[in-house]
Structure formats: C-alpha cells, structure tokens
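J.: Modelling step: build the complete structure from the supplied sequences, incorporating the hints.
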Amino acid sequence: MCGIIAYFSFSGMPITGHLIEQMNHTQRLRGPDHSEQVLIEDGKIGLAHTRLSIIDLSSQANQPMCTSDKKRWIVFNGEIYNFKQVREKLSGAGAVFRTRSDTEVLLEALSKWGIDALEMVEGIFSFAYVDMEKGYLLAARDRVGVKPLAYLKTNQFICFASTLTPLTLLPGFSREIDQIAKFEMLTSKYVVSPRSIYKQIRKVEPGTWMKISFSGNVSTGEYWSLKTCKKALSIKARNEISGINALKFALKNAVQRQLTADVPVGVFLSGGIDSALMAAIASEYDGNLKSFTVGYKEPGVDESEDARATAKILGTNHQELIVTPDQVIDIAQSVFRVYDEPFGDASAIPTYLVSRFASQQVKVVLSGDGGDEQFFGYSRYHRMALIGRLIRQRPDWLKKILLLLDKARPRPVVWHALTAALGFPDEETRYTHYLLDNFACLAELAGGGPASTLWQCGHYDKNSRGHLAADSLQEGMMLADILNYLPDDCLTKVDRASMANSVEVRVPLLDEYVLNESLTIPISMKWRAGQGKYITRRILEEYLPKAYLNRPKKGFGVPLNKWLFNEMGDFTMALLTKKNLEKADLDYTGVQKIIKHHRSGRYDHQYFLWPLCCYVSWILAGA
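When we follow the numbering used here, the leftmost residue of the sequence shown carries the number 627, and every step to the right adds one.
Some hints here could point you the wrong way.
[Claimed, not checked] Pairwise CB distance ranges, derived in the manner of DEER restraints:
id : residue 1 : residue 2 : range
1  : P1148     : G638      : 51 to 59 Å
2  : Y849      : E714      : 16 to 24 Å
3  : K1188     : Y849      : 22 to 30 Å
4  : Y911      : Y1229     : 56 to 64 Å
5  : A1155     : S868      : 15 to 23 Å
6  : Y1229     : K715      : 31 to 39 Å
7  : S839      : D1196     : 50 to 58 Å
8  : Y911      : S1005     : 26 to 34 Å
9  : G913      : E745      : 49 to 57 Å
10 : R801      : H660      : 42 to 50 Å
Simulated from the structure, these hints should not be mistaken for laboratory data. Since this is a predicted model, take the numbers as computed values, not measurements. Cβ coordinates follow ideal geometry from the N, Cα and C atoms, glycine included.
T.: What follows is the structure in structure tokens.
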C-alpha cells in the first residue's frame, strides 16, 4: 500500500520538484519505506510515490516505475491478487520482467492492453499510468473502492492523489466548502463520492477510470458496476448445500491469495461472524496467525471476551487492546487529522488504535469488512422488512400517529423511515427518502441546511443504481450500501486509520470471487427467521460451536451514547461552544436543543452529535 500523486499540465504550467516533493511528504505515513518523485518533460508531468513495501521488498520495485524504454510510467497504490497469473500471460506474449512485484505486472498489462487491462486484474488499487508514446494519462480505482483516489482539475492542469491534503497545496486551490458535502457529513457521518468537503476536489468513483489525452481531452468510463455484474451472472436455483459449498470455496480462495506477502500478516478479530470467519480460514493456511482486537470496560459493547474465546478455539496468537475514554480523548485530534476531510464515524478511533497496536507486529491485516452489506448483517435491513409490511397495509391510523410524532419531537430513525416510506408509492423513492431523512431534522435544527437542498442535488443517484439492480427493497438497501456506505464510510475509515499507522488492510469478503458468488445467493439463504448471515453462519459452524454464532453484533464501535457527556463531557462541551459553532457556521441554539434531548436519556443522538464534534474540530484545525 502506498500514496500516489500524478500531475498533468494542459497549458504548459509545469509543477516544480519542490512542490511535488512537499505534496508527497504529506502522504509519508502511507508509505514510510521509500519516497520518490519524477518530473517528465520539464514538469509538464509529475509523478510521486510513497511506498509501503509488501511484495518484492527490493529497491527495484520502488516507484514511480517505468518500462525499460521509459515510454510508459506508473504510480500504483494497492495489491493485484492475480498478478502471478497475469504475469504468466504477459510472459507468454514476450514480456520480460525485472522484478517480482505486482506493480511491474500492472505496468506491463496496461502497456499491452490499455484500458482493457482493468477487466483482467483483480485486487484493491488506485493508479495513474502515463503512456508517452500514445499520449495519454489513465487513472482508475478498484471495483468497490477499497483504495482511494481524489483529483483537482482546473483549466491549466489535473492532479490525482491518494488523499485530499496534497491537492490543497496546488496553486490556485480554494478552501471553499461544498455545502452539500457539509450537509451529507452532518447527516450521514461522511461525504459521499464523487464529492469531497472542498468544492474544487472530487473523488474518482469505484469501478471507474479517467483518461486525459496530451491534447487536453478528458474522457471517463465505468469498467465495472454492481448492476452490470449482477445481470451478467447466471443466477441459478441452488439447494442449500451447493450454495454453501460454492461460497466456502470462494472464501477460501480469497483468503489464501490475500495472505500472499513478503511481510508478516495478521487478522482483525471482533466477536462477530465476519472477522471470525476470516480468522478461521486464514488459520488453516497460517499456523501462527496473529489476531488483534479492541475492547472496552463497558458492558454491552465490549467484544474482547468473545474475540478471546474465538481465538482460543481457532488457535491464533491473540493480542487485545482495552480502550478507555481517556485514550479516546488523547487520540481524537490525531484521528481527526488523519481524515483530511471531516469524518464522523466514531469507530474510526478504535480502528486507528487497533491498527497502531497491530503495526508493532505485522504489516498486513485481513478484516471482515463487506460481510454486513452482502449478507444482511445490519439491523436496519430487518427493520425495513417490518416497515415493508406496514407499507403494504398503509393503515390510516398509523399515518395519523406518525404525523403527531413528527410534530412532537425530533424523530428517531425508525419514524423517519416510516413517514418517508408511507409518503411515496414506489420502493426506489421510498428508500431514497429513508436515507435522506435519517437525521435531516437534526441537521436543520443545527443549521446544517434544509433537506430539500440535498434532495434537489440528485445526490442519491448511486442508491437508485442499486435499486435498479435489485429484486426487492431489502436487496436494494444491500446494493445501495455496497455502492455508497461501504466505500465512503467503512472502507475510508479503515484505509485512513490503517495507513496512518503504515498497515495494509485487505478485505477477502470483497474479493471478486466472493462478491460474484454472493450476488447469486438468494435472500432466503442470507436472511432467515429474522436473522442475517445465515449462509456464513453455516460455514462458520465447521470451525466454531453453534453457541458462538448467535452472539449479538457489536463491532469496533465506541460507547458514545454514555461517554459523550459523562466521561468525555469536558471534551465534548469544549468543542461545542457558541464561539466554535458559529465559526463552523452552525446554529448554537439548535445544537443546544439536540444536546438537551440527548442528555434527557430518552433519545440517543450520538450519531449526529459526534459528526458535529468532528466537523467543528476540522474547522478549528484550519480547514
């Protein structure tokens, strides 16, 4: 894993060696093992790279990397899991390799096949490739968005980078905030691509590419999407046994190839199904697998005991870190800075801490991300099943009750979902408004902007794409989460937190083999008797006793509902002062209403108040 920068001038405005070195330095934690930059054609093109060495640790595998004739260059962040197979194919066509790295394989694949190479490579990646002979720069991002890629485009140049911070150093950059992105962050905890918090900077979306010709023409395309992938797969009527065996084969294949590294590999282990499954399969291939978990002294949220019991059965070399409120306060500002735009998912803090903890012993970690989205792990999927039944009944008395509740107080998520769902006739619109309305009233109280602003901008097109590929409301939610929540919240959280500690996190559950298989599995084999992850639980039964498979989901969250105004009360109130809120262009009186509601004990507004703290902190840091 690494940090990349690629600059291209449309108008002869070169980048200086000093500037690109400064930009590269801001990403040094993503790649502490080697840092280098190169200027081509007197700075018309500038490439920079910071390297975290994982495969082929030799200096020959450093980047920026070029072909022997120096006509083609690449800067690459990520891993190509099938690089050995692609290498064999290229060697058969006459390619000669100087390294054992997947970077060189990707470079040669792009040299031979151009954009078509994207169909052939499997893995997690973002890259910028320059073909001097054919006269273009190509940038792309992996299928589900595990690795980040942002860009800033002006009339004079375009520049790509792994993170936003390097782009803010470019000449003419304006720190103007995108008000829609601000509203998204306050209501959803994160900014959804292609937006960033800055109006000038955008993100390359998962499964897409951008091609810039030396004459200045810019074209974009999609080489993969959930919609087309799902339609292309032959969905067969399977019995339960064949479905379990097919998924198990895909999982084992994914874990085995993602264990490939020239450095130590471990696994994040919570008390849940997904990480336990990753640890179980990985321990079959690594007899001394290290597992890492984070826990709390708070009952109801601590999973360290469950993780410890799982590790004992699987025989992993288990390590655990117990997090206290004081540690959260101490590390909060550091974590805020890691996310170079405001990011309000509180689990970023334990993710950062467990990544730092793991970095003392390993350089690569497997995680269970992607399982909740593919196999119905979130409770909201189950709530929406109930809501769906209520929608079909549409009783007048329910509408009247909801209207009274709507006027009486800020509504919790379920009432938002119900009022939105009952108000619109088709499933796609219904779910769009469910997402839109989650915390919209709270955002309005806090001066975050009217919900209509977000709706009018057409932001939720991505969720609509998920619905167009779906066979039901629940499946639409699942696909929408894979398109939206997964890359922009979960994967962003893990990427920034781990890379800030120079650790590469791999996600076998999002491997192409697993994703392609899961999309063919009917809901009845994922969700049964009101419980999600039926099929993955059945696979895990081969490794763990059944009693271990029905524990409630907790994850790596933080007990903020209790800590926010108790153990962390001084920290919270010092952030949410009238002066600070006004500087962040937020309504102090509105925020006080929300705090009052939360502190009454009758409501839990942590999922709005913590993003609010993160946004204010980001503003105070000099956004």
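J.: Would you mind marking each hint as holding or not holding in the structure?
T.: Quick rundown of the hints versus the structure:
1. P1148 x G638: 51 to 59 Å: About 57 Å separates the Cβ atoms of P1148 and G638, which means 51 to 59 Å holds.
2. Y849 x E714: 16 to 24 Å: Given about 22 Å between the Cβ atoms, the range holds.
3. K1188 x Y849: 22 to 30 Å: violated (46 Å)
4. Y911 x Y1229: 56 to 64 Å: violated (47 Å)
5. A1155 x S868: 15 to 23 Å: Holds - the Cβ-Cβ distance for A1155 and S868, about 21 Å, lies within 15 to 23 Å.
6. Y1229 x K715: 31 to 39 Å: violated (58 Å)
7. S839 x D1196: 50 to 58 Å: holds (56 Å)
8. Y911 x S1005: 26 to 34 Å: holds (33 Å)
9. G913 x E745: 49 to 57 Å: Because 36 Å falls outside the window, the suggested range is violated.
10. R801 x H660: 42 to 50 Å: violated (31 Å)
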